[in-house]
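J.: From first to last, the protein sequence lines stand for chains A and B.
If you use the numbering used here, the first sequence corresponds to residues 920 to 1035, in order.
If you use the numbering used here, the second sequence corresponds to residues 920 to 1035, in order.
Check the hints yourself; a few may be wrong.
Pairs count within a copy or across copies, as identical chains cannot be separated in the list.
Each computed BS3-like pair below joins lysine-lysine, with the alpha-carbon atoms no more than 27 Å apart [as the list claims (entries may be wrong)]: (1) K1003 / K924; (2) K924 / K1033; (3) K1003 / K1033; (4) K926 / K997; (5) K1033 / K997; (6) K1033 / K926; (7) K926 / K1003.
In short, the hints are calculated from the structure, not lab data.
Protein chains: 2
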Amino acid sequence: MATLKLKLQLLHNGEIAMGPGKAELLDAIEVTGSISAAARSMGMSYRRAWLLVDVMNRCFAEPLVETHPGGGKDAGAKVTEAGKRAREAYGALVEMAGAGADGFALEGLRRMLKPE
Amino acid sequence: MATLKLKLQLLHNGEIAMGPGKAELLDAIEVTGSISAAARSMGMSYRRAWLLVDVMNRCFAEPLVETHPGGGKDAGAKVTEAGKRAREAYGALVEMAGAGADGFALEGLRRMLKPE
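Here chain A stands alone, though its shape is the one from the complex (with noise of 0.2 Å):
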């Protein structure tokens, strides 16, 4: 059966304050306990998890990375509360934009497709 595929991005001051890799990165923060191994296991480069992390902490009123300072590249990181709150809604709306697509009109577009 034809799925949806769903993305969903936070514009906010010209920058996409959270989207599905913000979210995904999060989550992988939260799991290695820092911002280059979270980078690793996603095949992402430290730099760009970085910049990521950083636009993040500039779009939020409370940061929602926080590093340990003067500890470089290696140094841990953690998700914040304010962060665990942030993907949390995020993960929310995903959920109920998908609940509010799946309906009729998808049944409608579905059954115009090819068999598969």
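Following the hints, position chain B against chain A.
T.: Chain B only, in chain A's frame:
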């Protein structure tokens, strides 16, 4: 205020049967009456537009776009009745996903952002 950007793709047999780019292309073909003019109006190459049309026509049971036979690159093209129905159902889908997401979780996320 932070806005939500929603990208919705309908996956079918490993291909994207419908998504934002294809929906916009259908609109442009409807307006311009040709694939090459539609591509130009979107700043897209003719080759890419043609490929997107080809994917749609292979995924759906009835073709969404009809080209005049033997006309080559500058021949006219039109969105079929099936194409109009698919375009409309996709639009409804996007709207309903947005409506689904536009609630409590979004407000929660918005309130966590820095002032603009």
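J.: Determine for every hint whether it applies to the structure shown.
T.: Okay, the hints, checked on the actual structure:
Both within a single protomer and between protomers do K1003 and K924 lie at most 27 Å apart by alpha-carbon distance, with minima of 24 Å and 22 Å respectively. Taking CA atoms no more than 27 Å apart as the test, K924 paired with K1033 passes inside one copy only; the shortest distance there is 19 Å, against 29 Å between copies. Within a single copy, K1003 and K1033 get their C-alpha atoms only as close as 42 Å, which misses the 27 Å cut-off; across copies the closest is 17 Å, which meets it. Proximity of K926 to K997 under the C-alpha cut-off of 27 Å is restricted to the intra-copy arrangement: shortest distance 25 Å within a copy versus 30 Å between copies.
When the C-alpha separation of K1033 and K997 is checked against a cutoff of 27 Å, the pair qualifies only between copies, where the shortest distance is 20 Å, while the shortest distance within a copy is 47 Å. In the homo-oligomer, the alpha carbons of K1033 and K926 lie at most 27 Å apart both inside one protomer (25 Å) and across protomers (23 Å), since each shortest distance falls under that limit. In the homo-oligomer, the alpha carbons of K926 and K1003 lie at most 27 Å apart both inside one protomer (20 Å) and across protomers (24 Å), since each shortest distance falls under that limit.
Violation of the numbered hints given earlier is absent; every hint is satisfied by the structure.
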